[in-house]
Amino acid sequence: MGLAGESGCGKTTAALSLMRLLPPNASILGGEILYDDKDILKMSDRQLRRTRWKNISIVFQGAMNALNPVKRIVEQIAEPITLHEHAQKEEAIRRAEKLVELVGIDKARARDYPHEFSGGMRQRVMIAMALACEPRLVILDEPTTALDVMTKTQIQELVKNIQKELGLSTILITHDLSVIAETCEKVAIMYAGKLVEYGDVVSMFENPLHPYTSGLIKAFPNIYGSRELPVSIPGSPPDLLHPPSGCRFAPRCPIAGKECEVSPQGKTRDGNRYVECWKR
Amino acid sequence: MLEAVNHLGNILEARDLKVWFPVRSGLLASLFKGEEKFVHAVDGVNFAVRRGEVFCLVGESGCGKTTTARCILRLIEPTSGTVNFSEDGETVDLCSAGKQEIRNIRPKIQLIFQDPYESLDPKLSVLDQLSEPLEVNKVGGTRTERMHRILTGLSNVGLIPPETFLYRYPHELSGGQRQRVGIASSMILDPSFLIADEPVSMVDVSMRADILRIMLDIKKRGKATFLFITHDFSLAWVVGDTIAVMYSGKIVEMATSFELIREPKHPYTRALVSVVPVPDPRYERRKVILKGEVPDPVDVPKGCRFHPRCPISKERCKIEEPEMRDIGAEHFVACHFWQEPLI
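If you're matching them up, the sequences are chains R and H in order.
Under my numbering, the first residue of the first sequence is numbered 1, with each subsequent residue one higher.
Under my numbering, the first residue of the second sequence is numbered 281, with each subsequent residue one higher.
The reader is advised that the hints may include incorrect statements.
[Unchecked claim] Derived DSSO-like pairs (lysine-lysine); straight-line CA-CA distance at most 27 Å:
hint, chain 1, residue 1, chain 2, residue 2
1, H, 567, R, 160
2, H, 571, R, 107
3, R, 160, H, 571
4, H, 571, R, 164
5, H, 500, R, 218
6, R, 164, H, 567
7, R, 89, R, 54
8, R, 218, H, 499
9, H, 567, R, 186
10, R, 258, R, 218
11, H, 499, H, 388
12, H, 571, R, 98
[Stated by the list, open to error] Computed footprint of chain H on chain R, listed as stretches where at least three residues anywhere in the stretch have a Cβ under 8 Å from a Cβ of chain H:
hint, stretch
13, 167 to 177
14, 193 to 205
15, 219 to 228
16, 233 to 244
FYI, nobody ran anything at the bench for these hints, they're computed from the structure.
Ideal Cβ positions, reconstructed from N, Cα and C, are used throughout, including at glycine.
From just these sequences and the hints, can you work out the full model?
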């Protein structure tokens with residue numbers, strides 16, 4: 001599933017809350033996070049520790065630049081295995097070496113240090129680490145944003161293959177809708193802290209329901225389309241200290257009307273699509 | 281049509297431009313006097329920018345596109361080569377020009393920065409930010425004339441009504457507005473050549489098109505020529521007239537943007553174009569995914585620099601570096617086997 005939206009729309013915060021990794025000044029005011037029908041928000045610290053890494057893991061944004069510079073990469077990948085599964089060190093290292101190969105790094109380089117790796121390779125290390133305890137859900141936060149086009153594609157293909165091979169579920173957070181079009185089956189679009197649309201990728205691109213979604217799709221140039229400039233959405237995202245009352249997108253929305261002064265109710269459309277807009 | 285463009289002539293011509301940085305070696309290495317090593321950031325680049333066009337330099341990080349741009353501004357000293365800048369019938373070689381000459385020419389060549397959060401002084405109001413270049417260069421006439429110029433500059437970048445922006449500070453502006461102020465301050469001296477280095481990569485997606493439109497408006501009004509630096513082919517596709525693709529310090533292919541994107545010839549370009557993400561989940565195409573990464577600029581491969589990653593490389597590519605050849609229709613490619621299919 002792709003989770004898309006502009007910077008500051010709450011994608012990362014939503015992802016961090018799934019694992020209850022929010023900063024101390026944040027609090028979850030309501031709702032549920034169900035993993036296998038168990039509410040993560042009601043878990044004890046102990047249960048939570050057992051869920052993190054083993055069931056749900058995350059590749060943090062920019063984490064490839066946060067690898068420990070004085071530790072060999074294989075040891076860093078082995079660390080969650082020893083911590084979460086209480087495995088012996090040799091066993092953990094052996095499993096880490098397998099993961100290194102799985103993410104397409106030459107086994108001979110497993111004992112290298114992070115500075116000997118390029119950005120793309122370090123991102124592969126992060127993915128290996130996220131897979132260390134055989135989770136069923138992996139959250140990837142902007143995993144390819146700082147990488148070059150070719151490296152980006154290599155990583156995308158890697159994630160796709162691993163996902164198929166291991167039968168994983170993934171949440172891909174990105175601001176780049178074209179990446180979502182290429183790699184995801186489902187998409188959730190966020191705007192100013194709200195989920196405004198959710199559905200399968202093909203119908204969303206073919207027939208976006210929310211005016212923000214259609215605006216966002218039009219903002220991306222397509223090298224197989226016309227050479228016309230893409231279209232911007234007028235205005236800028238609201239200040240979340242003082243969000244507009246009613247629909248948060250209304251001040252930028254081309255079809256906003258009187259009813260949009262009240263927050264829209266979410267509704268299901270065509271069975272499996274969801275949208276929060278009065279007009280659709 | 282080509283005639284029509286040609287008679288305007290070239291505003292900028294780079295010939296065999298090289299920028300090498302010495303690799304600092306440790307004490308031991310200098311004692312045992314090994315071969316001195318260099319980072320070949322830009323390694324013999326040739327291109328010409330026509331007056332009034334948007335010329336795009338596209339490539340992956342570390343290919344030398346930013347170094348080339350900085351060289352034009354002489355923010356970096358070139359190792360060798362020439363960059364001729366022509367304006368009002370006069371031509372100056374920016375590479376050999378003296379300090380005073382560079383100072384005189386600087387107002388003509390301006391830079392649009394990548395990051396509007398860092399390029400604006402947080403302690404300067406928009407008015408001060410835009411006045412500074414006028415004061416430093418002692419242009420703009422009287423106070424009223426300057427003010428008029430600043431207000432026009434702001435409305436040209438879509439900050440309307442301009443009066444309301446004069447006394448705002450960068451923190452009171454959104455990302456898109458900041459980049460507009462950045463462009464306004466690059467334009468305030470009426471430059472004829474603008475270098476835009478990834479001008480929208482820090483701007484929110486929903487507002488990027490507006491920034492690009494401002495650039496194209498400036499171009500349409502015949503105000504300036506652009507050197508647009510980006511890693512993103514889809515941006516080059518919508519704004520560029522000509523695209524040059526760089527790899528490891530060299531230009532490997534150059535053509536009109538339509539030709540380059542629709543009929544790429546160099547195997548590197550063909551691969552890069554094939555992996556450009558498309559905002560359409562139904563669009564099927566064959567992606568050519570290259571293995572490996574950009575070579576170490578200290579130790580560039582012999583022969584063709586691209587041969588270790590090239591899907592169609594042959595013996596000849598390991599020995600002989602391909603020359604840039606003209607394959608007609610203003611299309612240039614540096615590859616021995618550009619006519620071969622990519623398997």
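Each hint, compared with the structure:
With a C-alpha separation of about 14 Å, the suggested pairing of residue 567 of chain H with residue 160 of chain R holds against the 27 Å cut-off. About 17 Å separates the Cα atoms of residue 571 of chain H and residue 107 of chain R, which keeps this hinted pair within 27 Å; it holds. For the given pair, residue 160 of chain R sits about 17 Å from residue 571 of chain H by alpha-carbon distance, which is consistent with the 27 Å threshold. Under the criterion of a C-alpha separation no larger than 27 Å, the hint pairing residue 571 of chain H with residue 164 of chain R is consistent with the structure, at around 21 Å.
Annotation: proposed proximity of residue 500 of chain H to residue 218 of chain R holds, straight-line Cα distance about 23 Å (limit 27 Å). For the proposed pair residue 164 of chain R and residue 567 of chain H, the alpha carbon gap of about 19 Å is at most 27 Å, so the pair holds. With a CA separation close to 18 Å, the supplied pair residue 89 of chain R and residue 54 of chain R stays within the 27 Å bound. Taking the CA atoms of residue 218 of chain R and residue 499 of chain H, the gap is about 23 Å. The hint holds against a cut of 27 Å.
With a CA separation close to 22 Å, the supplied pair residue 567 of chain H and residue 186 of chain R stays within the 27 Å bound. For the suggested pair residue 258 of chain R and residue 218 of chain R, the alpha carbons sit about 25 Å apart, so the restraint of at most 27 Å is met. This hinted pair checks out: residue 499 of chain H and residue 388 of chain H have alpha carbons roughly 15 Å apart, not beyond 27 Å. Of the supplied pair hints, the one linking residue 571 of chain H and residue 98 of chain R holds, its CA atoms being roughly 21 Å apart against a limit of 27 Å.
Using a Cβ-Cβ cut-off of 8 Å, 3 residues of the stretch 167 to 177 of chain R lie near chain H, which meets the minimum of three, so the contact claim holds. With a threshold of 8 Å between beta carbons, the proposed coverage of the stretch 193 to 205 of chain R by chain H holds, since 3 of its residues qualify and at least three are required. Counting residues of the stretch 219 to 228 of chain R whose beta carbon lies closer than 8 Å to any beta carbon of chain H gives 8, which meets the minimum of three for the stated coverage. Counting residues of the stretch 233 to 244 of chain R whose beta-carbon sits less than 8 Å from any beta-carbon of chain H gives 3, enough to reach three: the coverage restraint holds.
Of the numbered hints given earlier, the model fails none.
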